[in-house]
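Assemble the complex: chain A is given as a structure, and chains B, C and D must be docked to it using the hints.
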Amino acid sequence: MNLLLTILVEGLGYASYLFIVSLGLTVIFGVLKILNVAHGAFYAWGAYLCAFLIGEFSTMGVSDLGTMVAIPIAALIVGLILGSAIERTIIKNLYGRDEVLIVLATFGLFLVLEDVILLVFGVDPYFAYQPTYAMPGVQIGGIHQDGYKLSMIVVSLVIGLISWAVLNRTHWGKLVTAIIYDSELAVAMGINVPRVFYTVFVAGAVLGALGGAYIAPTISVAPGFGVEVIVLSFAVVVIGGLGSIPGAAIGALLVGMLRAYAVLQWPEIELFVVYAVMAAVLIFRPEGLFAPAKARKI
Amino acid sequence: MTNRTMIGAIGVSVAAALAAAAPALAKDAVSIAVPAFLSGPAAGPFGVPARNGAEMVIDAINAGKLPAPYDSKGFAGATVNVEFVDESGGNTKQVAEYRNLIQKRNVDAVIGYISSGSCAALAPVVEELKTLTVFAVCGTPRVFEDGERQYIFRTMSHATADNVAAAHYIKDMFPAVKSYTGINQNYAWGQDSWRDFELSMKVLMPDAAQSDKVQFPKIFAGQYGSEISALSLDAAELVHSSFWDGDLEGFIFQATPRGLFKQKKVILTVGGTAAYRLGKKMPDGVILGARGPYGILVRDRKTALNEWFIKTYFDRYGTYPSGPAYQYAQAVLATKIAYDKAAAAAGGFPTQDQVIASFKGMEFESFSTTVKLALAGGHQAITENVYGITKWNADDAEPGVTDVKFYPAECVMPPDGVNSVDWITKGMPGAKC
Amino acid sequence: MSAILETVGVNKTFGAVTAARDINVSVAKHEIVGIIGANGAGKTTFVNMVTGWLPPSTGRIRFDGRDITGLAPRKITRLGICRSFQVAQVFMTATVFDNLMIALGIADAHGLGVLLPLRVRAREERADAILRRYQMQDYRDQPASTLPQGIRKLLDIAMAMVAQPKVLLLDEPTSGISVEEKFPLMDIVMGALKEEGVTVLFVEHDMEIVSRYVSRVLAFYQGEIICDAPPAEALADPKVKEFVIGDDLHNQTLLQAGALQDGAQEVSDARG
Amino acid sequence: MALTSDRTTLGLTVGFVAVALLGVFVLPDWLLNQILVAFSRALAVVGLLVLWRTGLVSFGHALYFGLGAYTVALLGRNYGIGEVLVTLPAATLASALVGFLLGFIVRRYREIFFAMLNLAFSMVLFGILVKTEALGSTDGFNVEQPTLLGIGTDDAAVKLTALFLGVCAIGWLTAVLVHRYLGSILGSLTTAVRDNEIRVEYLGYSAAEAIHGKYVMSAALTGLGGGFMAISLGQVDPESMVNWTVSGELVFVTILSGPGSVAAPFIGSLIFELLRTYAFELVPYAWQLIVGGTLLLIIFFLPGGVWSVLSRLAGRRGVEP
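Residue numbers (the working numbering), protein chains in the order written: chain A, 1 to 298; chain B, 1001 to 1433; chain C, 2001 to 2272; chain D, 3001 to 3321.
Treat the hints as calculated values from the structure; they're not laboratory data.
Fair warning: there could be bad hints in the mix.
Claimed, not checked - Ranges between beta-carbon positions, derived for each pair:
| no. | chain 1 | residue 1 | chain 2 | residue 2 | range |
| --- | --- | --- | --- | --- | --- |
| 1 | D | E3281 | A | W164 | 46 to 54 Å |
| 2 | D | F3104 | B | N1419 | 41 to 49 Å |
| 3 | A | I283 | B | P1415 | 33 to 41 Å |
To be verified - In silico lysine to aspartate or glutamate, EDC-like type, Cα no more than 20 Å apart, as pairs:
| no. | chain 1 | residue 1 | chain 2 | residue 2 |
| --- | --- | --- | --- | --- |
| 4 | B | K1104 | B | E1128 |
| 5 | B | K1104 | D | D3155 |
| 6 | B | K1213 | D | E3133 |
| 7 | B | K1264 | B | E1128 |
| 8 | B | K1311 | B | D1028 |
| 9 | B | K1341 | B | D1028 |
| 10 | B | K1104 | D | E3209 |
| 11 | D | K3159 | B | E1128 |
| 12 | B | K1281 | A | E287 |
| 13 | B | K1280 | A | D64 |
| 14 | B | K1391 | B | E1363 |
| 15 | B | K1311 | B | D1396 |
| 16 | B | K1213 | A | D64 |
| 17 | A | K33 | D | E3111 |
| 18 | B | K1130 | D | D3154 |
| 19 | B | K1405 | B | D1395 |
| 20 | B | K1281 | B | E1128 |
| 21 | B | K1280 | A | E56 |
| 22 | B | K1280 | B | D1403 |
| 23 | B | K1432 | B | D1422 |
| 24 | B | K1372 | B | D1395 |
| 25 | B | K1341 | B | D1146 |
| 26 | B | K1281 | A | D124 |
| 27 | B | K1281 | A | E268 |
| 28 | C | K2166 | C | E2180 |
| 29 | B | K1130 | D | E3111 |
| 30 | B | K1302 | B | D1315 |
| 31 | B | K1341 | B | E1363 |
| 32 | D | K3159 | B | D1284 |
| 33 | C | K2166 | C | E2196 |
| 34 | C | K2075 | D | E3209 |
| 35 | B | K1311 | B | E1055 |
Using N, Cα and C, we set each Cβ at its ideal position, and we do this for glycine too.
Bound-form chain A, shown alone (with noise of 0.2 Å):
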């Protein structure tokens, strides 16, 4: 029983971080039709700056539980400032170029700017653990749960609510939801199309920022790490289905919890468990377990 509870517990709250990472990921394919390999980077300088931030705001002393407003700002900044320049300069050119190309010149992007980091930051590892230390831990399933992770699941909670519904009742929503569905139809309607291009994508990497300024309070942030969490968010979203959004949850689920049960029951498979049920997704649904609807045009 204490074990059900824990791997629930430990299952949701990485699923949680990974959520938001795939979210954006998984929008921007949608609409953009672009695999951002990339976005593992946004997910690193959100955590770098994050945890530069807490140091920052802990040195002029403010409160520990204070710090955690780092972690939107770290958010804000990296996906409105790096996010706009990276889809001006680059992204913009390759909007209906060949997919794995694509991915490529994402992977490119990735490779520099991890770099950038180290120039930035330099190569010692971050710790900005004051939120978790300030946040009051809990009881679960007869073990101590810090309650930094629990706030975690609530916000991932909020943001995949707060998306779902601006995707299904504002009309931006709507028409993000049309050009998904079928962007020459999108255009044909009178779209702006290369304005919601930019916007979703500064979007998306706000979300990626924001899943590594979340996670940054609770992992030593070093050079090199965005490098599993954009692989391991790849296999969420395919698992889940290129450029759905809820596919991007339930895939974030099964990833979380396989990992989860994998850590504390059977430690062998931890590694791979999750590419070898992306792998069996892939072969039995090409498409993803939610693919989104194509149009068909018959």
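Chains B, C and D alone, transformed into the frame defined by chain A:
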């Protein structure tokens, strides 16, 4: 410089190339490469202090300013030119880079390496390229147990000492411990450490039970939430970990709010580096090792060499020297002594073979302890080992340790010619504690 | 006359949509058959089923006395039924000559023969002969992507004919081609096909073309064949007039233009 | 067709013999080593080139690279076999076999899905290796000293020269065979499949089977390259042989080389190796920046890769490379 002539022949795709060494002449300079983690999670806690320790001692050697009896200039009179190279990027990359160091950049000796992975991977290559290589920190016993080595020396004890001493310390200080588990990285270092600890516990505390869910996360994983949950769920009272680098610090930061350090006794065999870096965030009551008598565990050792080392280091880098600083400095010092001794014996600048001959089986007074190259035909050093318990020193606002206990080298390292696993399994015959 | 191609009670449904209903056709050797019908009437579905792209839901298809129902397109091609496409399916980055060389190479290759060199003198001469027969010599070394629409369709047909099939299905050979080009193009094609003595079925919207070249017309409406007769008789049929030709020629042309994209989409849907 | 009637074959022969002679008589050991490593990787890149011409990019060929490397390493460690006439064919066959089996699955996919499915498979192998202590886990292990026909050597220089000549010979053979394959009917189905699978199918050949064949071929070549890499470096570990970054590296070298010629991977791979060596020496923290930047520049400005530059230069002087 070596003069290389290559005689080649292609017939049935056979070719031969011979290298003829130039005769030994007095040299102005010795060029050495010092690999250490200069980027990545291991850089801050290990690579940087290691580099600093080596740099400081090399500068002092070149200036002839080491305390007596090591106050002669250079290696056998030759100025030491040093190049620091990054150890990160994986074992295979290290092998490729090592070849470049020897073949392309023509260094005379390599002193360094932190990761056990690097050393295990490099051992055969060193032998192939026949260049003096002094392993400074890496801990896996496999380096010398997997084959005979001519060109490799290691100037500190290997992992066995840390874990045998750890088990002794538990037995001495916490004889009531009933069960134990562990979290170690899944590569040579972590696996060897756990194996040695587990075997030692079976010998020294046969009544304590071992957990069946021992954690082996990937090195540099950086994220241990699930592992911490697994440890918390485990009934074992004691947690053993040989985490080092940024992983150790990340683990401490993540485990503290989860109450792990309050719930369980934790023994960190390489915890010494974290004590200085984490300061007040280092939980009290953690059992701490430093892979030997280095860093925080010898802060109070009042020998001339140790006091010089701590003072010079603090003045130059603004922090106290941690384990890796001592250990790299010790490797450099050992190499200097070997060069000087060989020069004295040869009556001129020594050849590499002469340096190696004088290196073998050497015993010397290092900065914090006595080092004896007693194992593996005089290639593997043994030193005493030490553990203590963390206690924040509120008066000086400094980290401190209490209940420090030293264990002699012959107590924690196997005798020459005996494989460490065999030695522990047989009940550590011949151990002098 | 013995039937070379025969369908018996062929039906095809996509979910609730019926694309072919009880199709019974028998085509004799050397016949030239025109297939007409409005968009969505089931013409391309018929072609796709005969050439193996889609298996029929029920019914049998026989070729030269042999049951080919459900065989893969490449098997059917090897047996001697080839086809062209509404949107020319050629190798865009290759030159016209290379397109033909690859087509010839595949037709020649059996088993491990695929590992023999492609560019051999004899094959190059055959490719040049085909170029002459279809009057494409001027475009020999031009990449297919730069060809005018008409030439690309010609190439498409020439490639289909490389394997010297017994039956050729042409799916709207003149769609997307300007009115002035249509007849010259069809003259080249039909001339070449006659030379080779192949049985031809072609889907066509343009009734002028149909009446000029075919000996028999199959009119499709909502997946059914509503008329099977010589052209003069078929075009006079009131049902054909109402459901196939319509009365607005302009509208018909527009539809044809739309058919272009739809056809491509259908093919790619079928692939996915 | 006589061998000499083919100018590319002749060019390849002249090129490889020249490199071999230079290597034995002129070049320093370190450079020999670089060529050895570069050509080992180039063997894999030739395999990727065949796929790329078919319009397919795999983000998971480290699977085969690692399989080849670990086959060689494990044969040495578990059975004491260092004979290259056994280990290298075994590496090639093991990869080909896995490629053949997985080929039934991956041949159904194109574009991004092909790339990602391969990635998933390679990450499964990575996860298994990292977590299995018997397979060396994160550290990997050393590779047995190679022997040829039972003859080995302890002399580093002799070993290096012999391996170097070996990689030149195998490189030459691979390049010539693949070149001739590309000139065959089946080989012409690379660009043809990329351009139009429907037409291939309706000419009477299965595009899926053609792709399967090419996939097995690329797997075999990548396995051979991985095996050679393991022998060259004397060490295998998951991070540098099987991780997805290795796949990325292979794809990078493919793009850098350009699809123009089977000789391109050898040149591109050497450039990559030299670039890396000097980058580590001169700007140790900017390696990824250089790789990433180069990748972007090539994608935007030089889609034909290094080969297109070389052939343009050679073309100006009226010489066919």
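Practice item. Could you tell me which of the numbered hints above are not met by this structure, giving the numbers in increasing order? Key: 3, 7, 8, 10, 12, 14, 16, 19, 20, 24, 25, 27, 28, 29, 32
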